[in-house]
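*Asks:* Residue numbers (my numbering), protein chains in the order written: chain D, 1 to 514; chain C, 515 to 867.
These aren't lab readings, by the way, just hints derived from the structure by calculation. Among the hints, erroneous ones may be present.
[Claimed, not checked] Below, computed lysine to any residue pairings styled on SDA-like, alpha-carbon distance capped at 20 Å:
hint, chain 1, residue 1, chain 2, residue 2
1, D, K68, C, E776
2, D, K281, C, S526
3, C, K520, D, E237
4, D, K325, C, P517
5, D, K158, D, N121
6, C, K857, C, T818
7, C, K561, D, E237
8, C, K561, D, L476
9, C, K777, D, R419
10, D, K281, D, N121
11, D, K50, C, S625
12, D, K18, D, L28
13, C, K516, D, L95
14, D, K281, D, I387
15, C, K516, D, I181
16, D, K241, D, S384
17, C, K774, D, F418
18, C, K520, D, E280
19, D, K68, C, T818
20, D, K241, D, K203
21, C, K584, D, I430
22, D, K345, D, L476
23, C, K610, C, N834
24, C, K521, D, V327
25, D, K84, C, L518
26, D, K281, C, N834
27, D, K50, C, L524
28, D, K281, D, L67
29, C, K561, D, K158
30, C, K857, C, N834
31, C, K516, D, P279
32, D, K68, C, R523
33, D, K203, D, A167
34, D, K381, D, I430
35, C, K521, D, R419
36, D, K68, C, L524
37, D, K281, C, L524
38, C, K516, D, L72
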Amino acid sequence: MDYKERPYFHVAHARDLKGKDKIIYRTLEIIPGFLAWSTLLGVIVLSFIKPVWVAIFIIIFDLFWLLKTAHLSFHHYYNWRRMKHNIRVDWKEKLQNLKYENVHHLVLLPFYNESEEVIVNTIDALISSDYDKSKILVVLATEERAGEDAQILAKKLKEKYSEQFGAFIITTHPAGIEGEIMGKGPNITYAAERARREILNVKEIDYEDVLVSAFDIDTVVWPKYFSCLTWYFMTTEDAQKTSFQPVPLYNNNLWQTHAISRVAALTSTFWQMIQQERPEKLVTFSSHAIPFKALYEVGYWQKNMVSDDSRIFWNLFLANDGNYKAVPISYPVSMDANLAPTVFKTFGNIFRQHTRWMWGVENLPYMFFGFIKNKKIALKKKVSHGIVQIEGFWSLATNPIMIMILGWLPIIIGGEAFRQTILSYNLPIITRTLMTVAMSGLILSAIIATTLVPKMPVEYKKRKRRWVVMVLQWALVPFTIIIFGSLPGLLSQTRLMLGRYVGKFWVTPKHRKS
Amino acid sequence: MKPLSKKTRLGSGIFLGVIFVILAPILLANSFGYHFEKLEDIFTLIKTGGIYVASDVSGIEIYVDGEYFKDGGLFIRNTLVQDLDPDETHVIVAQKEGRNDWRKELPVYESLVTEARVLMLPVEIETIETYPFIDELGVGTTTATSTLKKNTLLDEKVLINGYAPTNVSYRNLVNLFDDGEGDVYSTTTSLIVDELQTNISTVNGIATTSTSTPTTTKEIPEYFIDLGIENPDDLDNLVVFNDQIAWLENGDVILNWINKDEKPVYYYCLAFERCRSQIILDWESDIIRFDLLPGRSDVFVVLTNDGVYAVEVDDRSQRNIQVIYSGENLDFRINSDNRIIVKDEAIFHEIML
Chain D
1 MDYKERPYFH
11 VAHARDLKGK
21 DKIIYRTLEI
31 IPGFLAWSTL
41 LGVIVLSFIK
51 PVWVAIFIII
61 FDLFWLLKTA
71 HLSFHHYYNW
81 RRMKHNIRVD
91 WKEKLQNLKY
101 ENVHHLVLLP
111 FYNESEEVIV
121 NTIDALISSD
131 YDKSKILVVL
141 ATEERAGEDA
151 QILAKKLKEK
161 YSEQFGAFII
171 TTHPAGIEGE
181 IMGKGPNITY
191 AAERARREIL
201 NVKEIDYEDV
211 LVSAFDIDTV
221 VWPKYFSCLT
231 WYFMTTEDAQ
241 KTSFQPVPLY
251 NNNLWQTHAI
261 SRVAALTSTF
271 WQMIQQERPE
281 KLVTFSSHAI
291 PFKALYEVGY
301 WQKNMVSDDS
311 RIFWNLFLAN
321 DGNYKAVPIS
331 YPVSMDANLA
341 PTVFKTFGNI
351 FRQHTRWMWG
361 VENLPYMFFG
371 FIKNKKIALK
381 KKVSHGIVQI
391 EGFWSLATNP
401 IMIMILGWLP
411 IIIGGEAFRQ
421 TILSYNLPII
431 TRTLMTVAMS
441 GLILSAIIAT
451 TLVPKMPVEY
461 KKRKRRWVVM
471 VLQWALVPFT
481 IIIFGSLPGL
491 LSQTRLMLGR
501 YVGKFWVTPK
511 HRKS
Chain C
515 MKPLSKKTRL
525 GSGIFLGVIF
535 VILAPILLAN
545 SFGYHFEKLE
555 DIFTLIKTGG
565 IYVASDVSGI
575 EIYVDGEYFK
585 DGGLFIRNTL
595 VQDLDPDETH
605 VIVAQKEGRN
615 DWRKELPVYE
625 SLVTEARVLM
635 LPVEIETIET
645 YPFIDELGVG
655 TTTATSTLKK
665 NTLLDEKVLI
675 NGYAPTNVSY
685 RNLVNLFDDG
695 EGDVYSTTTS
705 LIVDELQTNI
715 STVNGIATTS
725 TSTPTTTKEI
735 PEYFIDLGIE
745 NPDDLDNLVV
755 FNDQIAWLEN
765 GDVILNWINK
775 DEKPVYYYCL
785 AFERCRSQII
795 LDWESDIIRF
805 DLLPGRSDVF
815 VVLTNDGVYA
825 VEVDDRSQRN
835 IQVIYSGENL
845 DFRINSDNRI
855 IVKDEAIFHE
865 IML
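Okay, chain D solo, but in the shape it has when bound (with noise of 0.2 Å):
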């Protein structure tokens, strides 16, 4: 049987197996948690009874640290260089020597109950786009529960904008399906079903010539997003086999938010650009393109879990015996920061939306279960990606705690006797140092940072002092990986591995300042 016809293709938690699989499966939701709290509880523990281990280990992971900070910093300052490359290449001119034309594009875009001008941001950078607009179907997916006046306004859209693509249908996804979760995955399911019948069938559209393009409402795509795609979808080997991540570019709203909601965005985003350039690593996240007809074996986006963007990764990951991929094309689309209309909700807002992002660890144990049950992936991949993804949210969760607080806990609690040593002495001494120096990739990131800022509004006052902010807002980045990083990540872990399963998408509100 293949795997995707098994009965648990689309768990998404333990409690939806039975007898020995839901064992395996929940001892696997509970691995990323204890790993975590081993990890931070260990350290403190270990300060005190053996306050020199830990000094020991400090050391050595600030080094670690360090040079991993470099590593990434060297992987990130490529892909920026890659990105502007990208930005800049007549992707057009690149696909006349190919047979591109079939290529049609199927842009969903899921819709609750943002403003007209958030959506109209987004089709219009539709129609911008260098691509044959004919190829271009977008389907505009609401939610039955957002109400009338959602749908009033999708009807309004739809008179606007439906002459000027190869098709734009109005999906409806309906309200109250048992076995759904309020989120995205279903209501994009739903859209992507509807657009097969009533876009693709009614057509005759190959399946094999579509390109999904899975957007949030405020995914405003580049003029050259659909040729650079297309371009990688044509020469990609085992393009059917394939998803294509563009860089999520957070920053519609750059000048607009506050400078913690700035860091955290484009933190976010500088994430994205390191594991471009580590595409083994790569795993779909926010935006992102899939073949429709992988999309379609699979079932498209599973209806019963929140992390639906990378799950889809998995999914087909295991459905195709280990013989998927995901490829990045570095060239961004850009999305919004998180902005409220208080400082405060918009800092609840980060908190809740990276909560969210890091309840991905939810991935973990399908992933895991899927590898011990498919026999046929090979033991390389396995390893390969079970290291790389719990090494991921382990160090998420635990290191920049580690270093920025718990490195100072063996001089703390270490105990007179510890105190006294020229470790205890040169532990803050060597921390500080090395953390110093490690920081200092921060001016790296500030530089870039500038690169990606969209124009200032011309409007705004006080011009040299916002860049001036806009630069020392990277000295936030200690408290923001910890707020906005680390603690997210531990709540989400610990969620898990309490088996208090999210049950609810949390839409990120998009607000724009008129």
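Given chain D's structure and the hints, the job is docking chain C onto it.
*Replies:* Leaving out everything else, chain C in the frame of chain D:
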């Protein structure tokens, strides 16, 4: 532009990995106090020790065994002197222009740090004087104006040449120095004919209160019992602070560590793991009074017949003693603002450290 090739990435990883392999043991050895030394033409890895010099003064110059070590800079106050040969004593000198030098000869042990804290008071210490009277121009003076009447009902020590002080600040300071006799002015000011109408609150009549003290059993803290002290009230100039108690006995300060669960602070330890529980601060002449130097628990302010001094408790080598105020027949107190107030004849001097 192609993505980063696996070869390049691997090269970067290997390069950084090699740096890690080289740096990690060096960092660890250094942090444990190891360093290379040429012994008989052979480089040998030897274990060293260090001295940590804490300072509340910035920008001090540190000399180790007569050689310049480092300048603390504008903000750096504490200094860690490393790579010192163990099982020897080393002389640390701290200097800064305008401040007293500080010198200490301290033992150093393998992989351990010997702690010390500098005492570097200004050579010229500024004082703010408080006079008993203020003349018509607002200037402090020890001479009463003729408009004031002599008052014989007040205690002699309160009166200046028979006149009651009119300066409110001065009166507060008189109260500060008035140990155990209550608030001099709050009960007696009505007797003062205050023709300058200073804004002193007065109470009519002489306070002749008689209070009956209820009989209660006072519990004596265990540390007194451990020290064989049956009645702490008999101790002269008793000061309790930071797990330590100190009192005056036969002109010496007796200082004791009283926390049995914690190792004493560094200056009780003459060698590693060899700590005393008592330090005696003796003097050529008798100590009349002492207290803690504000902001320090390792330095006493000591009053003798010829002045007020700051004296290190630390006696691991010769104590650093620095003059706060010279003179005879002095007295001092620490006020609520943690300032030393020295009384010299009829004038109070606030010491600006």
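*Asks:* Take the hints in turn and mark each one as holding or not.
*Replies:* Comparing the hints with the structure gives:
no. : hint              : in the structure
1   : K68(D) x E776(C)  : violated (41 Å)
2   : K281(D) x S526(C) : holds (17 Å)
3   : K520(C) x E237(D) : holds (17 Å)
4   : K325(D) x P517(C) : holds (15 Å)
5   : K158(D) x N121(D) : holds (14 Å)
6   : K857(C) x T818(C) : holds (13 Å)
7   : K561(C) x E237(D) : violated (60 Å)
8   : K561(C) x L476(D) : violated (40 Å)
9   : K777(C) x R419(D) : holds (12 Å)
10  : K281(D) x N121(D) : violated (32 Å)
11  : K50(D) x S625(C)  : holds (17 Å)
12  : K18(D) x L28(D)   : holds (15 Å)
13  : K516(C) x L95(D)  : holds (17 Å)
14  : K281(D) x I387(D) : holds (10 Å)
15  : K516(C) x I181(D) : violated (40 Å)
16  : K241(D) x S384(D) : holds (19 Å)
17  : K774(C) x F418(D) : holds (19 Å)
18  : K520(C) x E280(D) : holds (10 Å)
19  : K68(D) x T818(C)  : violated (63 Å)
20  : K241(D) x K203(D) : violated (24 Å)
21  : K584(C) x I430(D) : holds (19 Å)
22  : K345(D) x L476(D) : holds (18 Å)
23  : K610(C) x N834(C) : holds (15 Å)
24  : K521(C) x V327(D) : holds (18 Å)
25  : K84(D) x L518(C)  : holds (15 Å)
26  : K281(D) x N834(C) : violated (63 Å)
27  : K50(D) x L524(C)  : violated (36 Å)
28  : K281(D) x L67(D)  : holds (19 Å)
29  : K561(C) x K158(D) : violated (79 Å)
30  : K857(C) x N834(C) : violated (24 Å)
31  : K516(C) x P279(D) : holds (13 Å)
32  : K68(D) x R523(C)  : holds (12 Å)
33  : K203(D) x A167(D) : holds (10 Å)
34  : K381(D) x I430(D) : violated (38 Å)
35  : K521(C) x R419(D) : violated (46 Å)
36  : K68(D) x L524(C)  : holds (13 Å)
37  : K281(D) x L524(C) : holds (14 Å)
38  : K516(C) x L72(D)  : holds (18 Å)
Hints 1, 7, 8, 10, 15, 19, 20, 26, 27, 29, 30, 34, 35 from the list above are not met by this structure, while the remaining hints are.
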